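Novice: With the hints as a guide, dock the two chains, each given alone in a separate frame, to form the complex.
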Amino acid sequence: MTNSSSTLKADNAMNRPIGYVVGGGLKANLFVRLTIPADQVQEGGFVVLESGNWQFYGLVTDLQLGSSDPRYAELPNTPRLSALTSRLLAEQTLFTNLEVLPALMLERGPAPDAPDYADWTRAHQEENRSRPLPIKTVPAHHSVTRLASAGDVAEIFGEPGGANFIVGRTREQDHPVCIDLEKFVQRSSGIFGATGSGKSFLTRIILAGLIQHDAASILVLDMHNEYGFDDTASDTGMPVVGLKTKFPGKVRIVGLGRASTIRNKTPDLHLEINESDIHPEDIELLSRELNLRETTSATLDALVHTFGYEGWFTAFKNMKVGSVIENEDGKKVPAPDSVAYWANEAGANAMAAEGLRNKMNRVFNRPYVMERAGNDPAAPNSLNHIIDALKAGQHVILSFGDYESDLDYLLVSNLLTRKIRETWEELTNAFRSHGSNEPRPLVIAVEESHKLLNREMASQTSFSTIAREMRKYYVTLLIIDQRPSQIYDEVMSQLGTRVSGWLGDENDIAAVLSGLAGRDALRGMLARLQPKEEVLLLGWGVPMPILVRSRRYDQKFWEELQGRSAPRTATQNLKDLGF
Amino acid sequence: MSAIAIGRLLRSNTSSCVIGCRVNQQNSPLFGEMLRIPLSNGLQIYGLVHEINIDDDGLVRQLVTAPEVSREVIEDNRQNRNMPVEMSVVFIGWERDGRVSHTRVPTPPLSLDEIFPCTASEILHFLEGGKFGYLRAILRNSELPAADLLTAHLRQVAAARQGAGADGVEAALREVIALLKDDYPVLMDVLSAVSEIQ
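Those protein sequence lines, which keep their order, are chains A and B. With our numbering, the residue at position 124 of the first sequence is 124, and numbering never jumps. Quick note: to get our numbering, add 579 to the position in the second sequence (first position is 1).
Don't read these hints as lab results, they were simulated from the structure. From a predicted model like this one, the values you see are computed outputs, not experimental measurements. Incorrect hints may appear among the rest.
Unchecked claim - Keeping only pairs whose Cα atoms sit at most 20 Å apart, straight-line, the calculated SDA-like set for lysine to any residue is:
#1 B:K760 with A:L81
#2 B:K760 with A:V22
#3 B:K760 with A:R87
#4 A:K250 with A:D388
#5 B:K710 with A:E91
#6 A:K451 with A:R432
#7 B:K760 with A:G66
#8 B:K760 with A:L84
#9 A:K451 with A:E281
#10 B:K760 with A:L94
#11 B:K760 with A:T96
#12 B:K760 with A:K250
#13 B:K710 with A:Q92
#14 B:K760 with A:S86
Stated by the list, open to error - Just a sample of chain A residues kept apart from chain B, beta carbon distances all over 12 Å, derived:
#15 P70
#16 V321
#17 A346
Don't be surprised by glycine CBs; every beta carbon is placed ideally from N, CA and C.
The following block holds chain B by itself, in its conformation from the complex (with noise of 0.2 Å):
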């Protein structure tokens, strides 16, 4: 189980939160990249990368226009900036007791709460506990780059799968086309990302 948290919680709901992280963080989650969020009841969050958002300030805005940047003035501001870098984490599930459960979240994670990126044995552990359902949650919130965020996701559980010597992707495209099915454009749209990575 991985240690080291990558940031900790701004703002949150039951399907959703924004956590902030400093710059330079060696560990800095990618997009898609699956998380988790253990809170203080015993209940443990999982989410999805879904943005990325490093806001302007003030300094920043002058320096951009400046002629020439040092190395110590732009590692200076990343490191001692007191805007965070903010992510948008969906929620795709929950466990308690050890058991997975691949739906709502019964209560938001509370501010400043730390979390952690998964391992790959952590996603295995998390696929574990249902068939893909979770991917309605994506693929149903309109907000949502689902072609791009599923990509990016299947990508993880692929490397994860076949680390364990298991299958690949195939449990979750069906999963996908079954949701999908009735909607061809957005279907064709998810499938022609994922075959990216196949």
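Excised from the complex, chain A in its bound form (with noise of 0.2 Å):
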């Protein structure tokens, strides 16, 4: 059998009726009768209904087992029957019936033999081809339902190629899934799943997908040093290879911290940030990780006031909590280098600002907080270079090495945000108003998103804002996360594509399906997903809810994506060579 024959006959064996529509709604789902054993279709199967000149697409989301009568189903019959009678009865008294989500409908019209085709092709005659449309109404009652065919997921999901990236497969039929990279970039998304669910693999994925096809720039916020350079799987110890070895020429790998290392390699270049670069916001951002009170704004407010914004942090870094000298009384009275000095000048509460200066040590202590950069004004700006990367198309992961610390995190991420933020603002402004290049799309992906996008902070960092409205301004983020329960709920409604993983906490999985219809129906399937194998597609990036089997990120991977084998190590080289 020659291989397109048997993919014909597999595809015609996939396209064969598994049941058929017995009742439900646009509300309460659709119910549809199998005709085939029930181990034969699972949950988050993607199942295309027909009826009439209409095709209706909806998602598996319950199989439910029924009878005509409940003592049909308590009672096995087989030792009083025989075993004709026993099945035979079982046959038509006890059923199983699917639930499916139906998400979309296209009109197909009827067959080219069908007495109304001349009819209908006049009708629409003037029309493009047809689009599949938002669910607005059912299908008739025995309309047949069947698996979708690799021409269905195609016609909803994309042919792959171009801007449609595979991320992963169907599960009983293995046909491809793609996503719209061009549609994924232009608003936020969100990866979530469990420690362990495999999220970081599929970061990798798409990060490999988005860089391939050059959507947009990308920023990293590497904080656990996994997507730059090759790393070891913590579960299996396989190697897992790194976006700086496949992407060579493309990515760059910023290490913060002078002579930083990344798992034992130098990155390209060391981030450093200049002490006029830390604004009062960013101080403020840390009130909860530096247990700051309320009068710290009262405090950074009189700061500015009196050394500017890029003054008063190496200022106020240069006071002394507790400095007395003598008066010409012989009071103690506090030295002009004192905190307490320059609150009484600047009518700032002595105490708050002495206890805000002591708080602050940590940051002041940062050793990649610089009062120059290389202690050299002719220095070129860390910060700055980077921008400017990821301005001209490069991209970026910022790795946090051996600072580890939310501190860290939260400071350098923010400030980075804030000047990429204040920068695409610019960009999209002169484009606008003066026609200039349009600003490049710009992606920050954001790890352990819940220390920066939490309650708390939403409502003050550069982060939320982004989530909000930077769309307009070409930026959006890509969180990853793996309790979507704590991130700001604003923010997870402005999530366009999100793709999950296992989940298991409730609240969790409320917060990932929040803002979308058929959450209800949706929720169990999260709960059930395995585990590194399956994620399910949402949002509005995705045409419709679907479960599939996630890619591998593996040589196959690379081989597919960028269309070439593997380069060849030294080591087969020279044994080519027969050394």
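Specialist: This is how it looks when you write it as structure tokens:
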């Protein structure tokens, strides 16, 4: 048997009916009576319902056992009845219903040999090729239901190629399911899943797709140093290739702090932060981390008023707490270089200022915070380097190296993002007002997002502003997190595409599904995903929710993505030469 | 086609009839057996035997109390008695011009019309005319012993079909289940009885 005929036979087998519609509706989902054994259909199956001139597309969200009388289900009949009679009785009195979440409908028109074909063709002559529409009506009773074929999947999710990036395959039929990368970067997105559910691998796959397709510049805030250089999988011990290895010319690794190394390798750039780049709002973000008081804002405002935006940090750092001198009367008074002296001069609360000064020691003492980068006035600003690289179309992975504390992550991430926001706003305004070049889209991938986007932080940080507003300025977020319930609701509601692996916590499941139609039907599906194997795609960025078997991040993935085999190692080359 | 009549009609309506037979007929029909009644107008009616009655008379009542009854007296009584063996038959369909219908007969047979047993080929011919729709006439008649009648009938159907190389009684069982699945006690009763023949 040839490949084409075996594929055709397999496809024909896949197109066979699996049931027929028996009830339901738009709100309550549709019910399909199965005509094949229940073990041949699984939750998450992508099904097509054919009704007249329309095709309806939906997702299996539940399978329910039923019987025409509960007594048939409760009493096994075999001892009383013959095998034939038992089988026939079971076939007619016991059944399985699928609950199908309908999502899309597509007008196909009648078959070419149908009597009304000519009339229908004339009526639709002026229209372009029909597109799937959001579901607005229901299929008729007894509409034939089947599993989606390769053509159906391609019709809805696009043919692989170009901006259509294969993110996984349908579980039953192994048909490729794509996401449109151009659409993906137009809104903020999220990748969710419990620890160990394969979230990092999924992120690598999507980042690789974005870099390969060059849909946007990517900035990855790599808190755990996972994405840049080659790594080792924590559970299997297998090597995991880094994005730098596969995209050496496009990806730049930035390490935090001078002389930092990432996995014993030297990054392309070391990030040091000028004290003049730190603004008061960057410190206010750290309120919970530094245990700051309500008086912090007033104190910071006074500092800026006295020393300016670029000088307040250095000046405050150089002040001393508790420093006193004796005045002419022999009384101890605050020394001119003390916090209290400045506070009294500026009209700020001295105790509050001293308290803030003490708490900010943790920030003052960060090794990567410099009065000037490299202590050289002529030295370039590494923050600006990163911005320039992103503007030029390169991709930056900021690895935090040995700086693993929440303080480092919060301070650096928000500061960098704030500068990005300012830059892209300028670029966009220039584009719109003066016809300059259109800004290059930028996606900021944020790991451990709940630390930056929780309810307490979200209203203060640049990240929430980006999630809410920045798509107009070509900047979106890619949130990567295992506790979506801790992310601010307003941010979650702004997410376009959501890719979720297994989640066990009810609150996390509810958070991922918030604001989406059919969330009640999808709730159980998230808790029953196979970890590291299956993910659920949903949200604005995909035509309809769908469960896929995620791609493997392996050699085959890279060969398919980059269209060539992996570069040969030196050992392989020597072996070929006979050494 | 069997040509030996087993009896004649006593009384009838459009749903059933009662036939009378002589006691010692060699081909006495059995409970559940399928019979046919050809009418003079070209119609042929099909039915199932659902009851067989042998009534007593004054002589039999006296002979029963006798200390000994000789063989000759018994044979004489059976051969020559004036009371026929009565068989109740429920109609299950009819045929005209070779076309079979599993619905109520359009006209009843007349008194003294002859009744014939169905051969295996006649049974198969009748079944081909429908999809066991006549079973509803049996199953919904509360005066009939549905489980036992169906069992006997399906046993005959199975024998006829096996002889023809076809499947057994699967289609009939499907129809029974479809008709009775909302009546659990009756269905289980019928299926338990029918299971005896498999």
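Novice: So which hints don't hold here, by number, going up?
Specialist: Numbers 6, 12, 15 - these are the hints that the structure violates, sorted from lowest upward.
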